[in-house]
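The listed protein sequences correspond, in order, to chains A and B. In the working numbering, each residue carries its 1-based index in the first sequence increased by 162. In the working numbering, each residue carries its 1-based index in the second sequence increased by 66.
Be aware that one or more of the hints could be misleading.
[What the hints assert, rightly or not] Distance windows between CB atoms, simulated: (1) A:A369 - B:L71: 45 to 55 Å; (2) B:G142 - A:A369: 41 to 51 Å; (3) A:P594 - B:P83: 39 to 49 Å.
[Claimed, not checked] Quick partial rundown of chain B residues pointing at chain A, CB under 10 Å, derived from the structure: (4) V80; (5) P83; (6) V116; (7) V194; (8) A200; (9) T221.
Derived from the structure by calculation, the hints contain no laboratory data. Ideal Cβ placement from N, Cα and C applies to all residues, glycine included.
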Amino acid sequence: MESSSPLMVFLAEKAPVFLQAPWAFVRLTRPGWCELIARLDTTPAWALLALWAEPKDVHAALYDEESGAFALVALACPEGSFPSFSGARPGAVRFERAIQDLVGLRAEGLEDQRPWLDHGQFPVRHPLAASPEDQPPVPRAATDYAFLPTQSNVVLHQIPVGPVHAGIIEPGHFRFHANGETVVRLEARLGYVHKGVEKLFEGKTPAEGARLACRISGDSAVAHAVAFARSVESAVGVEAPPRAHALRGIMAEVERIANHLGDVGAIGNDAAFAFLLAVCGVERERTLEVAGACFGHRLMMDTVVPGGVTVDLAPESIERLRAWAARLSHEAPRLESLYDSTSSLLERTMTTGVVSAALVHRFAAGGYVGRASARGFDARTAAPYPPYTDLDVTVPVFSEGDVDARMRVRLREIPASLNLITALLDSLPEGPTGVPLPTRAGEGVALVEGFRGEILTWTRLGADGRIKRCHPRDPSGLQWPLLEAAIEGNIVADFPLCNKSFNGSYSGHDL
Amino acid sequence: MLFPLLRALGRRPVTQPALAPNPDDLVQLAQSLQERARARLGRSLAIRQVDAGSCNGCELEIHALNNAVYALERFGIRFVASPRHADVLLVTGPVTVNMREALLRTYEATPSPKWVVAVGACALDGGVFAGSYAVVGGVGQVIPVDLVIPGCPPTPRRLLEGLLALLETAK
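Just chain A, same shape as in the assembly (with noise of 0.2 Å):
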């Protein structure tokens, strides 16, 4: 973090700075928050990776692409409500609908005022309040919801989808706008699987906490409880010990190659590819199967734990890693090269759902979604944490933005996190897998890579060491309404493939 970079210097001007590296940590003013946003309209290159709030303060997580200092600025909220970011970053729209939702604070000048995770259902209104207040007496249907209105002088017609889908996956409504087979709008509506996370972090020790991060969404079981994790320690102020870190970083590697193989397979099968899908859930099941027999568990969950892992490597595991790895590490090219090879299926994902770089920027929008389309974000490389501090990270970065550079990018990254894992295997510090925790108050924050982009975990611990918050937001979060970007022009039936390409979590968007 450079101290001179125009975002602390900005900052600094406001307010006392306090730095918890690579961290900064600003209480603002409402002149200056109002400030902020003004500058932030002025200046792409800060981008906004997150926007939450307690019962009466707001808070956002800042990030300058160009200087590489990341910042947390508060806003105290005495009268109930803040000046909204969404006129300056997009990204904020769902951010702060989910906020006024939750937690009963009001965006001032936010122009899209309808419910987001809130579908009338909940016993209470703003759940995460202080004081939460009952339902309207008249309770909303799970059904009404206010859909954008279109002006057409051509007649479009509607097709709604979900929130039951005709695959095995997760729930969530589409209502595609269409002319003929040309998709004029997407329009999302998600919530369904919203189940209080958030409100359930509350009062847990770090430990139980960790239980509960795992299973924000499964498929990123060792990245949520990593980013849970690292926050905690930044907030009581400890370290994980060497071997902890190392063996968080084998696990996050298998994981983040488990489902790139999965979609791989996934993306091909939606092209009407099933080969590549027999081939790449072989791939996948050696590899939860070598996963479950090292650690214990296929999808790795309740392994992290704030302080270290709750696993460790024998002997034998190591060596039946490093022979999956080895070869893996034979087949990767040979998955690429099939894909290469496959001029139909090349032709359904080359060109199709192209999403600009402007706009990923503009939303900040992580992972290979954004690595797809020229940000060469990475949490691992940008904000480096242990083990990743020690290790050459490559990081694939494609320009296209279309569906075949998003599978590209994870072509690219099965060979790049199996070279990780076999350098951490190679140098694996021998010594303790966990620390106590001091039982101390405290607020942290931790940036880490997950398959799908980074995951931001923002923790505050009160004096008993309990959890009094914890913030969670998903790379989905910012990813999801790119899909909507993405899909416009293309026909209907590219959708599903556009979407495997995104593969965006419902589970940890909706917390």
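With chain A held as given, fit chain B onto it using these hints.
Same frame as chain A, now just chain B:
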């Protein structure tokens, strides 16, 4: 593209040997299935999966049933795209209040005879999400459940044992 196909010709299948049905599940099902309904199905089950608020972990393992290693279809069990075509609803998740209506409608859209299999710790009693304002806390709170396959998430092997028990009992 030809290489993986040619190589596969010279190798044994990756598919694992068939499993026996889980005895515990057989006992559980015997209590809930009626004779008349059993006769209708023969040796084929059409499954409609419904995610009623899971973390997606259960879905990943249910997906695995379709891979070449578990190859569910060899037993006559297959996933269908509509509840109208289904004999079995395979429901995951603690049932969020936002999904309650959709789950009920899916159940009502499934023709009888039908069975409901609740998959995973959340579907049993809400799991780690039990007690939240946003969840009902178990599939059985919303629709009648015939079989629970526990686990967080259950492994594909465990899922297969449970589904085979359903097939065996419904035979």
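Against the structure, the hints come out as follows:
For the hinted restraint 45 to 55 Å between A369 (chain A) and L71 (chain B), the CB-CB distance of approximately 49 Å keeps it satisfied. Judged by the Cβ atoms, the range 41 to 51 Å given for G142 (chain B) and A369 (chain A) holds: they are separated by roughly 44 Å. At about 42 Å, the CB distance of P594 (chain A) to P83 (chain B) agrees with the hint of 39 to 49 Å. Interface restraint check for V80 (chain B): the shortest CB-CB distance to chain A comes to about 5 Å, inside 10 Å, so the restraint holds.
At its closest, the beta carbon of P83 (chain B) sits 15 Å from a beta carbon of chain A; the interface hint therefore is violated under the 10 Å criterion. The beta carbon of V116 (chain B) comes within 6 Å of a beta carbon in chain A, closer than 10 Å, and the hint placing it at the interface holds. Here the hint on V194 (chain B) is kept, as its CB sits about 5 Å from the closest CB of chain A, short of 10 Å. For A200 (chain B), the interface hint holds, since its Cβ comes within 10 Å of a Cβ in chain A; the closest pair sits about 4 Å apart.
Hint status for T221 (chain B) relative to chain A: holds, with the closest Cβ pair at about 6 Å, below 10 Å.
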